[in-house]
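Based on the provided sequences and hints, a complete structural model is requested.
If you're matching positions, the sequence shown starts at 2 in the working numbering and goes up one per residue.
These aren't lab readings, by the way, just hints derived from the structure by calculation.
Be aware that a few hints might be false.
Computed cross-link-like contacts, DMTMM-like style, restricted to lysine to aspartate or glutamate with a CA-CA straight-line distance of at most 25 Å [unchecked claim]:
no.	residue 1	residue 2
1	271	254
2	6	57
3	241	150
4	196	150
5	184	254
6	301	7
7	31	7
8	196	101
9	26	150
Label-pair distances were calculated between CB atoms; the ranges are [stated by the list, open to error]:
no.	residue 1	residue 2	range
10	146	271	32 to 42 Å
11	49	232	55 to 65 Å
12	12	271	39 to 49 Å
The C-beta atom is built at its ideal place from N, Cα and C for all residues, glycine as well.
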Amino acid sequence: MSDVKDLVGLSRDELAAEMAAIGEKPFRAKQLWHWIYNRGVTDFQLMTTLAKPLREKLAEHYVVGRPAVSRLQTSVDGTRKWLLRFADGNEAETVYIPEDDRGAVCVSSQVGCTLTCKFCHTGTQLLVRNLTAAEILGQFMTARDSYGEWPSPDDGGRLISNIVLMGMGEPLFNYDNVAKALKIVMDGEGIAVSKRRITLSTSGVVPMIRRCGEELAVNLAVSLHAVTDEIRDRIMPINKKYPLAELMRALRDYPTNNARRITFEYVMLKGVNDTPSDARALVKLVEGIPAKFNLIPFNKWPGAPFDCSEMNDIRRFSDLLFDAGYSAPIRQPRGSDILAACGQLKSDSERVRCARQKDRVAAGIEDGVHHAAAATS
2 MSDVKDLVGL SRDELAAEMA AIGEKPFRAK QLWHWIYNRG VTDFQLMTTL
52 AKPLREKLAE HYVVGRPAVS RLQTSVDGTR KWLLRFADGN EAETVYIPED
102 DRGAVCVSSQ VGCTLTCKFC HTGTQLLVRN LTAAEILGQF MTARDSYGEW
152 PSPDDGGRLI SNIVLMGMGE PLFNYDNVAK ALKIVMDGEG IAVSKRRITL
202 STSGVVPMIR RCGEELAVNL AVSLHAVTDE IRDRIMPINK KYPLAELMRA
252 LRDYPTNNAR RITFEYVMLK GVNDTPSDAR ALVKLVEGIP AKFNLIPFNK
302 WPGAPFDCSE MNDIRRFSDL LFDAGYSAPI RQPRGSDILA ACGQLKSDSE
352 RVRCARQKDR VAAGIEDGVH HAAAATS
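Structure representation (structure tokens):
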């Protein structure tokens with residue numbers, strides 16, 4: 002039916018407005034919220050606290066949707082990746098990265114990406130469009146479906162304990178939809194993931210960082226990858242608009258403390274950003290910011306213009322940061338056998354649109370998806 006509307010992604014007020022539109026009392030919205038977001042139910046007939054005539058009325062007008070799973074892959078290390086197809090045929094990738102007793106779902110915010118970072122496979126796929134709040138939520142809810150994590154478990158019992166906005170796209174270029182989705186995720190009567198367990202990764206959209214801090218106050222991760230404007234301009238064109246000095250000012254104002262530090266992601270590129278002097282400059286650059294680092298060995302993809310730094314150079318870089326008092330672990334690639342590691346995500350939908358690129362390997366993740374330890378450590 003063409004006028005059937007998806008209830009996923011609606012705020013509490015919007016859900017109440019929908020109930021009013023079909024002649025129902027506002028408290029029905031609270032009941033639906035519980036069934037949709039706490040219990041994960043997609044079939045109105047299973048919402049047993051609702052009278053049968055209401056369930057039938059809801060089924061006439063609404064759905065509780067999920068993206069279609071175009072492909073599901075599971076790595077030898079337990080990493081799981083979904084290629085999800087949305088109603089218009091566009092696709093994006095979602096990855097679950099497990100730890101010993103918990104893990105994070107890495108969620109995409111856009112189909113493609115507008116940033117064109119030179120080391121990132123996703124950046125070679127031009128932006129198609131922003132994802133809606135429903136499509137962002139649908140990724141997390143699909144992962145919950147896959148692991149049977151309904152009703153919403155208490156924090157102590159979750160396999161899926163964290164959310165990282167580190168998939169395809171720049172979340173702060175789709176802030177309104179991302180914020181709407183995260184507010185639903187954080188609602189204690191629904192999905193109920195604490196803001197302490199949510200990390201948003203940005204390449205440095207300075208004007209939106211302050212708003213994110215004021216309205217969401219989730220953990221922040223910053224794709225830094227260079228310590229000078231000259232190098233960052235070359236590998237991350239967004240730096241030309243928001244150079245390092247502006248970025249650091251915005252980060253110093255972000256709500257943090259020693260328990261909630263800003264994570265700086267730093268992909269190790271051979272001969273580009275991996276010298277001891279780079280490490281010492283990095284320490285000076287973040288002075289005054291509660292910070293930790295994720296050093297990410299570059300994951301090579303077909304046609305990539307860079308090589309990964311030598312492991313001895315990465316270890317020396319890490320040691321210099323540790324010696325300066327910062328946590329700076331070297332992240333082990335996760336899911337690389339299914340191209341779900343850092344810097345590799347690229348949805349198949351581009352191949353559908355661009356036949357000339359159909360021979361490209363279409364998979365992986367935006368620069369932020371190193372692995373769940375970025376959000377769970």
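Restraint status (C-alpha distance of residue 184 to residue 254 at most 25 Å): 22 Å, holds
Straight-line alpha-carbon gap residue 196 to residue 101, limit 25 Å: 21 Å, holds
Straight-line alpha-carbon gap residue 271 to residue 254, limit 25 Å: 32 Å, violated
Restraint check for residue 6 with residue 57, where alpha carbons must lie at most 25 Å apart: 15 Å, holds
Straight-line alpha-carbon gap residue 301 to residue 7, limit 25 Å: 39 Å, violated
Assessment of proposed distance window 32 to 42 Å (beta carbons of residue 146, residue 271): With a Cβ separation near 41 Å, residue 146 and residue 271 satisfy 32 to 42 Å, so the hint holds.
Satisfaction of the hinted span 55 to 65 Å by the C-beta atoms belonging to residue 49 and residue 232: With a Cβ separation near 60 Å, residue 49 and residue 232 satisfy 55 to 65 Å, so the hint holds.
25 Å limit on alpha-carbon distance, applied to hinted pair residue 26 and residue 150: 30 Å, violated
Pair hint residue 196 and residue 150, alpha-carbon separation not exceeding 25 Å: 19 Å, holds
Residue 241 paired with residue 150 [C-alpha distance capped at 25 Å]: 43 Å, violated
Outcome for the supplied range 39 to 49 Å, where the beta carbon pair is residue 12 and residue 271: Because 47 Å falls inside the window, the suggested range holds.
Pair hint outcome, residue 31 versus residue 7 [Cα-Cα no greater than 25 Å]: Measuring from Cα to Cα gives roughly 16 Å; hence the hint holds.
Of the numbered hints given earlier, the model fails hints 1, 3, 6 and 9; all others are met.
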